[in-house]
Every structure is written in structure tokens, then in C-alpha cells.
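Engineer: Position one of the sequence shown corresponds to residue 1 (this note's numbering), numbered consecutively onward.
Since the hints were derived computationally from the structure, they do not count as laboratory data.
One or more of the hints may lead you astray.
[To be verified] Each pair of labels, with its calculated beta carbon distance range:
| id | residue 1 | residue 2 | range |
| --- | --- | --- | --- |
| 1 | Asn67 | Arg181 | 44 to 50 Å |
| 2 | Glu144 | Asn67 | 33 to 39 Å |
| 3 | Glu171 | Asn67 | 27 to 33 Å |
| 4 | Arg66 | Leu201 | 31 to 37 Å |
| 5 | Leu201 | Trp134 | 20 to 26 Å |
| 6 | Asp236 | Arg181 | 34 to 40 Å |
| 7 | Ser239 | Gln44 | 16 to 22 Å |
| 8 | Tyr208 | Pro161 | 16 to 22 Å |
[Unchecked claim] Okay, derived cross-link-like pairs now, DSS-like style, lysine-lysine, Cα gap no bigger than 27 Å in a straight line:
| id | residue 1 | residue 2 |
| --- | --- | --- |
| 9 | Lys63 | Lys50 |
| 10 | Lys63 | Lys145 |
| 11 | Lys145 | Lys50 |
| 12 | Lys61 | Lys50 |
| 13 | Lys50 | Lys136 |
| 14 | Lys61 | Lys145 |
Where a beta carbon is used, it is the ideal one built from N, C-alpha and C, also for glycine.
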Amino acid sequence: ILRHKRHKKNEDKQSKENDNTDDVPSSCPILAVINCHLEGHPRQYAARIKQLQHSMEDLAKQKATRNIPLNGLCISGDFNCELQSSACSTYLRLGRVGRKGGLGGVHGTAAAVVPTKLLESEEAAECLHPILEWGKPIPEDEMEKVSPHAFRHNSLLSAYPPYLGSADAREHFTFCANPHRPVAGLDQIWFSSFSLSRIALRKPLFSYEERMNALWTGLPAPFYPSDHLPIGAILDWNSCDASSSMECSIDDDDASSSYF
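Hey, can you work out the whole structure from these sequences and the hints?
Structural biologist: Next comes the structure, spelled out in C-alpha cells:
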């Protein structure tokens, strides 16, 4: 759910400025939503990251082509990896993974110019050190070809805190296909905290009894027709200024083009 705020006093003025924006109204902020179902094989971490990368690049190109003043981004769906520790979580939050991702978009041998103190920072440690997924470290060569994602300057944040279910998945889970085998954080919602704030979260299960029944029988179950549980969040705009556009850039082998 996204709280909608509209400034009627600006509608007439801004409606006259929409000739070059494919009839997209600009009187209120515009939110892009990427709904995803990522690769399901546990060891296909690189494939999941590239699915996210390509989706965000496609969105950036659409914005540039159609001249849409994009103000916010929400990415949600079945990520098929744990929220608290996975390549996808690190990639969305930090904007890059692996040594060739560098810091701040620095690539290849050029990363050698990054100061030593910066390389020893906490962010660098998360970006450069082995990432754990399903309890196992991901080989560096799997991540080396992944470019920084297009929205890395907009502070993508998980709506659900990563600590939920990290100590005991029975306390918070979104998937339980088999009895007593819950998985925490498989389904996720990410948003651009540059422009949006989380106001509230939906509980996947509303009572202790429902949670115990789901754990005992597994899913699907009565009133829950899927092996995944529904999640949701209420988001609000940090600003109603529709002219405040998101920053986005795409890096390639030859140049970096600024789209947002």
C-alpha cells in the first residue's frame, strides 16, 4: 500500500508540461514496481542477481526513452534466497558485489586506486568478502561479472528487517512447504528509502495458533492456499515534490550513462 498525496494546485500547471512524457501525469510522484520470481535453484545465486540487474536496467532505459520523472522504486516477490544473508540482499542494499564491482562503481584494476582505509571499511568488507548464502560462501568467480545495479545511489532498503527469523525461522517465516521446515525471508519487499519510508508491515501470520498450525502441517493449509505466506507493507513518500527525481546510472564496458 502506498499513501497517495496530491497537490491539486499544481495539476493545471503540470498537465500542460506532459507533452513529452507519454501522457504520464506529473502532478504527483511516480512509483515504479518490479514484481519478481527469481531463479529457484539454491546454487544459482549469480542467475538471481542478474535477473535483478537486468530488470533494473530495463526500467532505467524505459525511463530514459519515455522521459518519465520516476520518483520511487519498489521491488517485491519471491526471491528464493534468505533475506538475512544472500547475494541478492547484499547486491540490492550495497549496489554491487564482488571485487570487480569495486567501490562506487570502480572496475577491474582501477579498483587499486581506492584508498586502503576505504577498503578496510565495513561496507567494503560486506562487498568484497565472501557472501554466505544458505550457510555456504559464494565463490568469488561467480560474482566477478556482475556490474553495479542502476539504482545504487537511492538507498534500497528491505521493508522487513533482516533480523526477523534469523535466529529462529519458526518465529518469522514466509515459506514452509514441509512440516517443521520454515524458511525466513524468502519473500521480500525492497524500496528506495531516498524517497519512501516504511510506515507499517503485514504479519505473515496473525496469531501464535496459526503459526503453530502452519509449522505442524506445512503449507498450503486452510485459509493459506500457497506454500508461501502473503506479505505487505505501507509506504509513504518522504516528499510530495514530483520534480524530485531518482538518481540512476548504468555502467557498461565503455561508458557510464546517467539516466535519472
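Engineer: Against each hint, give a clear statement of whether it holds in the structure.
Structural biologist: So, going through the hints one by one against the coordinates:
1. One distance hint, 44 to 50 Å for the beta-carbon pair Asn67 and Arg181, holds here, with the actual separation near 48 Å.
2. Taken as a hint, the range 33 to 39 Å holds for the pair Glu144 and Asn67, whose Cβ atoms sit roughly 35 Å apart.
3. At roughly 46 Å, the beta carbons of Glu171 and Asn67 sit outside the given window of 27 to 33 Å.
4. With their beta carbons about 32 Å apart, Arg66 and Leu201 fall inside the hinted range of 31 to 37 Å.
5. Checked against the given bound of 20 to 26 Å, the beta carbons of Leu201 and Trp134, roughly 25 Å apart, stay inside it.
6. Separated by about 36 Å at the C-beta atoms, Asp236 and Arg181 satisfy the suggested range of 34 to 40 Å.
7. Between Ser239 and Gln44 the beta carbons are some 38 Å apart, a value that contradicts the proposed interval 16 to 22 Å.
8. In this structure, Tyr208 and Pro161 meet the distance hint of 16 to 22 Å, their C-beta atoms being roughly 20 Å apart.
9. A C-alpha spacing of about 20 Å is found between Lys63 and Lys50, which places the hinted pair at or below 27 Å, so the restraint holds.
10. At roughly 25 Å between alpha-carbon atoms, Lys63 and Lys145 fall within 27 Å of each other, so this suggested pair holds.
11. For the suggested pair Lys145 and Lys50, the alpha carbons sit about 10 Å apart, so the restraint of at most 27 Å is met.
12. The straight-line distance between the Cα atoms of Lys61 and Lys50 is roughly 16 Å, inside the 27 Å bound, and the hint therefore holds.
13. Note on Lys50 and Lys136: the hinted pairing holds, with a Cα-Cα distance of about 20 Å set against a maximum of 27 Å.
14. Between Lys61 and Lys145, the direct Cα distance comes to roughly 21 Å. Compliance with the 27 Å bound is thereby established for this hinted pair.
This entry does not satisfy hints 3, 7, going by the numbered hints stated previously.
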